[in-house]
Amino acid sequence: MKKTALYDRHLVLNAKLVSFAGYQMPVQYSGIVNEHRAVRKTAGIFDVSHMGEFFVRGSAAEAFLNQVTINDVTLIKPGQAQYSAMCYEDGGIVDDLLIYRYNNYFMLVVNASNLEKDYTWLSDQLIDGVTIENRSAEISLIALQGPWSRDILRELTADAIDDIPFYHFIEGRIAGKSVTIARTGYTGELGFEIYAENEDIPIVWDNLMEAGAQYDLLPVGLGARDTLRLEMKYCLYGNDIDKNTNPIEAGLGWITKLTKNDFIGKSAIIAHKENLRRRLVCIEMQERAVPRPGYKLYNSAEEIGIITSGTHSPSLNIGIGLAYLKRGFTKSGTEIDVDIRGKLKKAIVVKPPFYKDGTIQN
Amino acid sequence: MNIPANLKYTEDHEWVSEEDDILTVGISDFAQGELGDIIFVEMPEIGNEYGKGDPFGTIEAVKTVADLFAPISGEVVAINEDLEDNPDLINSDAYGKGWIVRMKPLAPEELDELLTASAYEESLG
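Chains as they are written, first to last, in our numbering: chain A, 24 to 385; chain B, 39 to 163.
Bear in mind the hints are in silico, worked out from the structure with no lab data behind them.
Every value quoted in this text rests on a predicted model; they were computed, and no experiment measured them.
For each residue, glycine too, the CB sits at the ideal point set by N, CA and C.
No incorrect hints appear here.
Calculated cross-link-like contacts (lysine-lysine; reagent style DSSO-like; alpha-carbon spacing at most 30 Å):
| id | chain 1 | residue 1 | chain 2 | residue 2 |
| --- | --- | --- | --- | --- |
| 1 | A | K374 | A | K266 |
| 2 | B | K90 | A | K368 |
| 3 | A | K374 | A | K280 |
| 4 | B | K142 | A | K366 |
| 5 | A | K39 | B | K135 |
Between beta-carbon pairs, the in silico distance windows are:
| id | chain 1 | residue 1 | chain 2 | residue 2 | range |
| --- | --- | --- | --- | --- | --- |
| 6 | B | G163 | A | Q237 | 38 to 44 Å |
| 7 | A | N57 | B | N86 | 31 to 37 Å |
| 8 | B | E83 | A | E233 | 50 to 56 Å |
| 9 | A | A44 | B | P42 | 34 to 40 Å |
| 10 | A | F43 | B | E57 | 41 to 47 Å |
| 11 | B | K135 | A | L367 | 28 to 34 Å |
| 12 | B | E57 | A | R300 | 58 to 64 Å |
| 13 | A | N57 | B | D50 | 24 to 30 Å |
| 14 | B | A155 | A | N37 | 22 to 28 Å |
| 15 | A | N57 | B | D58 | 34 to 40 Å |
| 16 | A | E220 | B | N40 | 39 to 45 Å |
Bound-form chain A, shown alone:
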């Protein structure tokens, strides 16, 4: 079992650890609800070093990435990030990812659980004039998220962090260590993701924790990371998207640039779009119940869909879920039944996100 460079910090903080994607990761420290609320109201710090980092370099790097990803990489300039996905020829999703464009190269950040698969897939598609390097084992990632995250960061760096727009990043310094500071995240709040070499990350963590004390900063585990992303309808690979789902039905049409030149999966995705059978939607429970992945959805006796992610929403205090629903039942306001362990409970389709007061654009 692998450990992140911050493993000792988690032990001192009395984190509950679980194995995830081959790593011993903190699932919670003080409790999921408490940690969730800190991120919504003050600030939270996450060790998400298990995520994978690939570096793509070379004269043909941009052309290569535009071939293997569904968003248009030519739309971003150095210092910008882009949410994207890779698809198979049949339109199924290999993974979703973030692409950070530096001056002379790109950094791809992929899901830990897909790291090896993604690296193999990308290597197999490689063209002349491009190299790919897997630096996942050497690079750590801290997410600092919440309305007070910028105030905490400001205490620690001379860099112009107030001027980083959403989905932009700078190469800067925190506590003297070289870091990438990006306005990205997975919570729906104002926040930053901070990439650094493994040997530098403990110092960065310690400084953030110390500066964060006066801002009620809490360490946050994977448990609250999941409830936070779910309240925003951010997809989780393995739950809401996988090789059997296409980006259109997953609600990722906004990152699928069907007008750009050919890319892997394009023709299949166009065909899916013309014959959409189901769609990923948000559902809210109307009764006291918590939807969980795998629960089935009904309209009278007809099975019309399945829950892919579900939890109790700490912000709304109701059960919420993401579900694939058959065409004809995906409009907001549609009433459906969820089979919760043998009992039918009422739910309703709602517009995303569940939580609408996020500070992400602040």
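Keeping the supplied structure of chain A fixed, place chain B upon it in accordance with the hints.
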């Protein structure tokens, strides 16, 4: 690990105490810690009878859901109404205010099959 010596336990991480031929049932401190923040508890109806090991309720936590099982055969004579508004009593006081149901045993000899505190602790490894 908080495992009071005066209680009996099940392999499903429930505790049982006996007083005046009435059993009080809850979940262990270990179980509440594993479940994390508890959101609500679905409890059996008073008057219902259950066989040993029958599912008779559920505990919903943020992250997961767990079944409650009748620790021995019995009739439900009381449920903890306080859990309706404060299900987190199970998190904060699993062996006290976080009790879940009271039962009248139908086969009191089954009590002998429950685990002692030390046997339960051993089962946790």
